[in-house]
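Using the sequences and the hints, build the whole thing.
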Amino acid sequence: VDGEPVEGFLAELEPGLLEVDTGAGTVQVHLVQDGRRIWVHCRGQAWAFERVATVRQGEPEVASDQLLSPITGKLVELRVSMGDSVVKGDTLAVLEAMKMEHRLHAPRDGIIAQITSTEPGGQVRERELVVELEAA
Numbered sequence: 001v002d003g004e005p006v007e008g009f010l011a012e013l014e015p016g017l018l019e020v021d022t023g024a025g026t027v028q029v030h031l032v033q034d035g036r037r038i039w040v041h042c043r044g045q046a047w048a049f050e051r052v053a054t055v056r057q058g059e060p061e062v063a064s065d066q067l068l069s070p071i072t073g074k075l076v077e078l079r080v081s082m083g084d085s086v087v088k089g090d091t092l093a094v095l096e097a098m099k100m101e102h103r104l105h106a107p108r109d110g111i112i113a114q115i116t117s118t119e120p121g122g123q124v125r126e127r128e129l130v131v132e133l134e135a136a
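So in full-length UniProt numbering, spot 65 of the sequence shown is number 65, and the numbers just go up one at a time.
A hint or two may mislead.
[What the hints assert, rightly or not] Across the chosen pairs, the derived CB separations fall in these ranges:
(1) 98 / 45: 54 to 60 Å
(2) 40 / 4: 16 to 22 Å
(3) 45 / 10: 15 to 21 Å
(4) 31 / 85: 39 to 45 Å
(5) 2 / 96: 33 to 39 Å
(6) 121 / 88: 25 to 31 Å
(7) 83 / 120: 17 to 23 Å
(8) 83 / 31: 26 to 32 Å
Worth flagging that the hints you see were computed from the coordinates, not collected in a lab.
Each residue gets a CB set at the ideal place from its N, CA and C atoms; glycine is no exception.
Shown next, in the form of structure tokens:
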């Protein structure tokens, strides 16, 4: 609370509804899952948390061949064409939502096997396929 850790107890009252007891009082917290996002509602405020893939130290990193749009937004730029060779880290596409740009990078070396049918300037939905790679 106010930047300081607080110890407490959680009790699930029903699915999506928790009661948090900090010893100084209790508060009810509503949780709503929306795709990869979890919305937390408490005392008239709301926060969104997004699940991200993590790799534990010492574990091999597994890269997906499909780059899905992490947001609903405008496809500003598509920097690759079918059959192009790419290197891990290359920017493949640029998306925009709420006046912020989001760049999609190649997760590994490969060849462009498929690209979105959306033309630059068009809308892509969250989790929509933008680019797919195949082995080089």
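Here's how the hints hold up against the structure:
1. 98 / 45: 54 to 60 Å: The hinted range 54 to 60 Å is violated for residue 98 and residue 45, with Cβ atoms some 19 Å apart.
2. 40 / 4: 16 to 22 Å: holds, 18 Å
3. 45 / 10: 15 to 21 Å: Distance hint for residue 45, residue 10 holds at roughly 18 Å.
4. 31 / 85: 39 to 45 Å: holds, 44 Å
5. 2 / 96: 33 to 39 Å: holds, 35 Å
6. 121 / 88: 25 to 31 Å: holds, 28 Å
7. 83 / 120: 17 to 23 Å: Roughly 19 Å apart at Cβ, these two residues keep to the hinted range, so it holds.
8. 83 / 31: 26 to 32 Å: violated, 45 Å
Checked against the numbered hints above, the structure breaks hints 1, 8 and satisfies the rest.
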